[in-house]
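Listed in order, the protein sequences are those of chains A and B.
Quick note: the first sequence, position 412, residue 558 per our numbering, numbers continuous.
Quick note: the second sequence, position 59, residue 205 per our numbering, numbers continuous.
Treat the hints with care, since some could be wrong.
A pair holds if it fits inside one copy or across any two, identical chains being indistinguishable in the list.
With a straight-line cut-off of 30 Å between C-alpha atoms, the simulated BS3-like cross-links for lysine-lysine are [unchecked claim]:
#1 Lys553 <-> Lys249
#2 Lys553 <-> Lys408
#3 Lys442 <-> Lys408
#4 Lys173 <-> Lys249
Simulated from the structure, these hints should not be mistaken for lab results.
Number of protein chains: 2
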Amino acid sequence: MTVAADTRTTAANKSFDLGPAAELVSKEEGHRQPLAPEFVCLEDFSPLEVAYDFGRVRREDIEAGPRSIWRYKHLLPVPSNVEEYPNTDPGCTKLVRADNLAKALGVKRIWIKDDTGNPTHSFKDRVVAVALAAAREFGFKVLACPSTGNLANAVASAAARAGWDSVVLVPSSLERAKVLMTAVYDGSLISVDGNYDDVNRLATELAGEHEDWAFVNVNVRPYYSEGSKTLGFEVAEQLGWRLPEQIVVPIASGSQLTKVDKSFRELGEVGLVEPSPYRIFGAQASGCSPVASAFKEDHDTVQPVRPDTIARSLAIGAPADGPYVLDSVRRTNGAVEDVTDAEVVEGIRLLARTEGIFAETAGGVTVATTKKLIDNGQLDPDSETVLLITGDGLKTLDAVQDHVGPKATVAPNTEAVDSALGL
Amino acid sequence: MTVAADTRTTAANKSFDLGPAAELVSKEEGHRQPLAPEFVCLEDFSPLEVAYDFGRVRREDIEAGPRSIWRYKHLLPVPSNVEEYPNTDPGCTKLVRADNLAKALGVKRIWIKDDTGNPTHSFKDRVVAVALAAAREFGFKVLACPSTGNLANAVASAAARAGWDSVVLVPSSLERAKVLMTAVYDGSLISVDGNYDDVNRLATELAGEHEDWAFVNVNVRPYYSEGSKTLGFEVAEQLGWRLPEQIVVPIASGSQLTKVDKSFRELGEVGLVEPSPYRIFGAQASGCSPVASAFKEDHDTVQPVRPDTIARSLAIGAPADGPYVLDSVRRTNGAVEDVTDAEVVEGIRLLARTEGIFAETAGGVTVATTKKLIDNGQLDPDSETVLLITGDGLKTLDAVQDHVGPKATVAPNTEAVDSALGL
Numbered sequence: 147m148t149v150a151a152d153t154r155t156t157a158a159n160k161s162f163d164l165g166p167a168a169e170l171v172s173k174e175e176g177h178r179q180p181l182a183p184e185f186v187c188l189e190d191f192s193p194l195e196v197a198y199d200f201g202r203v204r205r206e207d208i209e210a211g212p213r214s215i216w217r218y219k220h221l222l223p224v225p226s227n228v229e230e231y232p233n234t235d236p237g238c239t240k241l242v243r244a245d246n247l248a249k250a251l252g253v254k255r256i257w258i259k260d261d262t263g264n265p266t267h268s269f270k271d272r273v274v275a276v277a278l279a280a281a282r283e284f285g286f287k288v289l290a291c292p293s294t295g296n297l298a299n300a301v302a303s304a305a306a307r308a309g310w311d312s313v314v315l316v317p318s319s320l321e322r323a324k325v326l327m328t329a330v331y332d333g334s335l336i337s338v339d340g341n342y343d344d345v346n347r348l349a350t351e352l353a354g355e356h357e358d359w360a361f362v363n364v365n366v367r368p369y370y371s372e373g374s375k376t377l378g379f380e381v382a383e384q385l386g387w388r389l390p391e392q393i394v395v396p397i398a399s400g401s402q403l404t405k406v407d408k409s410f411r412e413l414g415e416v417g418l419v420e421p422s423p424y425r426i427f428g429a430q431a432s433g434c435s436p437v438a439s440a441f442k443e444d445h446d447t448v449q450p451v452r453p454d455t456i457a458r459s460l461a462i463g464a465p466a467d468g469p470y471v472l473d474s475v476r477r478t479n480g481a482v483e484d485v486t487d488a489e490v491v492e493g494i495r496l497l498a499r500t501e502g503i504f505a506e507t508a509g510g511v512t513v514a515t516t517k518k519l520i521d522n523g524q525l526d527p528d529s530e531t532v533l534l535i536t537g538d539g540l541k542t543l544d545a546v547q548d549h550v551g552p553k554a555t556v557a558p559n560t561e562a563v564d565s566a567l568g569l
Numbered sequence: 147m148t149v150a151a152d153t154r155t156t157a158a159n160k161s162f163d164l165g166p167a168a169e170l171v172s173k174e175e176g177h178r179q180p181l182a183p184e185f186v187c188l189e190d191f192s193p194l195e196v197a198y199d200f201g202r203v204r205r206e207d208i209e210a211g212p213r214s215i216w217r218y219k220h221l222l223p224v225p226s227n228v229e230e231y232p233n234t235d236p237g238c239t240k241l242v243r244a245d246n247l248a249k250a251l252g253v254k255r256i257w258i259k260d261d262t263g264n265p266t267h268s269f270k271d272r273v274v275a276v277a278l279a280a281a282r283e284f285g286f287k288v289l290a291c292p293s294t295g296n297l298a299n300a301v302a303s304a305a306a307r308a309g310w311d312s313v314v315l316v317p318s319s320l321e322r323a324k325v326l327m328t329a330v331y332d333g334s335l336i337s338v339d340g341n342y343d344d345v346n347r348l349a350t351e352l353a354g355e356h357e358d359w360a361f362v363n364v365n366v367r368p369y370y371s372e373g374s375k376t377l378g379f380e381v382a383e384q385l386g387w388r389l390p391e392q393i394v395v396p397i398a399s400g401s402q403l404t405k406v407d408k409s410f411r412e413l414g415e416v417g418l419v420e421p422s423p424y425r426i427f428g429a430q431a432s433g434c435s436p437v438a439s440a441f442k443e444d445h446d447t448v449q450p451v452r453p454d455t456i457a458r459s460l461a462i463g464a465p466a467d468g469p470y471v472l473d474s475v476r477r478t479n480g481a482v483e484d485v486t487d488a489e490v491v492e493g494i495r496l497l498a499r500t501e502g503i504f505a506e507t508a509g510g511v512t513v514a515t516t517k518k519l520i521d522n523g524q525l526d527p528d529s530e531t532v533l534l535i536t537g538d539g540l541k542t543l544d545a546v547q548d549h550v551g552p553k554a555t556v557a558p559n560t561e562a563v564d565s566a567l568g569l
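Chain A on its own, in the form it takes in the complex (with noise of 0.2 Å):
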């Protein structure tokens, strides 16, 4: 408990590297403080943002740089030497053109941003990377997180290599794959009898109590979801240096979206790339589309709804960054659409036959919108679009165990196969 209450009492004149990242800025009224391990504003009780000093950042740099997202550290919150410590390296995920997708939706061109390849085959690898390299600077020694499953993968993961403990607060509903593969990580997994909300404000208290331990989404969060810039980054570097027409992306907590968003800004500003216009489209599902329902009734704020869809990695109901995908959405004339849990389903089922790739149901929200926003009129056929994939198929079996299966099941001989073929 030491370690942290110094740092606190001393964030104030400690200077920490974490590279360019200059300060904290909170993102209503702009009130500035020194780099910490906090995250609300007290003056405007509004969410902390990391703002930077970027020096000359340049392509050759980069591209000379490891093949991780630590190739990207000049424009992340993270020490100088952060490929210097133990972390899981994420990142520098395929981007696949999808041109069997794109045929099938009847668009000019589709890239997969394909993030299954992974450490623990979802993106959180790559915020739970940045915020443990974060973290290490503040003095932490315990990494820590409420979820619901690939978070606690990719937090349980980064602790064993670094060398760390780890407490992971889950429901006790949570699935088997997810508790296994969280568990066998061998930090402490605290299953709770709750549900995410539950769980989510248990974490809150508890980061209050245990000053030692990094809660990534929660006290170390400016940081942490800092790191989903990274998909933007790569997104702009696998297609030769250039922003996107139009992307779409899952909408959880909405934090993805605003900092890829926040990627394709500061990407330009430093003159990485051109600064082309592009529109930015957030995927939902049904049971759980606070933010579409507010793009669409035209509001500013987002109203909370109880989730209730199979694509439980999104299903955050009052989502704390909705208000800024809003901005994010209408800036870049872009919109926000939702699907219902059968059109998720179809989702999965017609990347994996179109372009052999396997997304859970998270994957499945951003396919079958993207369908929806083509059909109805809202996403430009004759541009190109990057679809985020952020998670695997592995994870969410539940949701087409009763859709898919074999063809049949045969004797062991060449006519039983024939025939169950129709041949």
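Following the hints, complete the assembly by docking chain B onto the known chain A.
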């Protein structure tokens, strides 16, 4: 059926573009024949292997190539424009310096080649990608296989991306995760009443009847199996263009181990690395350890066994390449060892808690065998050792489910959490 029938009749005079591949050579007596979709020499009945005319292959050309196995196309039996066709483009997975594991095992330096990062999360994506590329050149239109899991996933995924039909035969007892992950790609998955030996025999019969079906591990096996060389190529490149001193490889059919050996020799022959000495070690589960038995009893042949182990992806009782494994291991001064199912589980857990990498049972076999080889003095603790982790823990959750889980299930308050953690 017409396509491959054409292929076969013209194989002798048609010249296929399979890059540096020159002809097929029988492993026993060295009989030569033109490149064709054949897998057994009709003169000595031994397996056929690809022989090459390597041109000049330079490090710079490889380093400037794509971030996939196609960077090594000048060392593989694939068309020179292979990267222009849709494929899963696997490879370039991480080589992780595993200092925590090395410390736990009391050795100087361990590297983990982590093939869970491949598109369907196993090394099978490598061999299937090469098989698909060769099959396309031979004029096939259907990708097929018998499989117990990882191969089924890889074939169904690659066929979907290529726009091909697939026929995947699996034993009806196959685990849910592997069935669903194969079926989702929407090829023809056929469940067969029988064990893997029955399914394998059926596949060989079907390959004879359906000449337009490329059974990746039957009629195009000589090309398919060369894909495993890319594991060795990548390890050498990632070490800075040098061979490791020791490498531990799991044994199923034994093909992978012999191809890693071949890859190291080829790298030396074409001058990409110094031909420094290396030792190859084989890892088996005791419940299916025919090669380990033959090694320990100093036999040249391998006596088939009936498999009984949780390491199902290694459960081949009559390993086709068993004798060649013995050759490689003995020639390089290595060894073959086997471990119990309890040790396999402990191997999975040891890797997860030290390095944050969740391997399938085959990875547990590799880690546990490494520990045993160190303990019994066969593996030199002062030399560096590479471990091949070839598949993903999410596909074999059954192996760990009775061994790991939440520390406690508690009420949603901080006292309950602190109490569960002993604080």
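Hints versus structure:
1. With identical chains, the CA atoms of Lys553 and Lys249 are at most 30 Å apart within one copy only, with a shortest distance of 26 Å there and 49 Å across copies.
2. Proximity of Lys553 and Lys408 under a CA criterion of 30 Å is satisfied in neither setting, with 46 Å inside one chain copy and 39 Å between copies.
3. For the identical chains of this complex, Lys442 and Lys408 are intra-copy neighbours only, at 23 Å inside a copy versus 61 Å across copies, given an alpha-carbon limit of 30 Å.
4. For the homomeric pair Lys173 and Lys249, neither the shortest alpha-carbon distance inside one copy (41 Å) nor that between copies (45 Å) is at most 30 Å.
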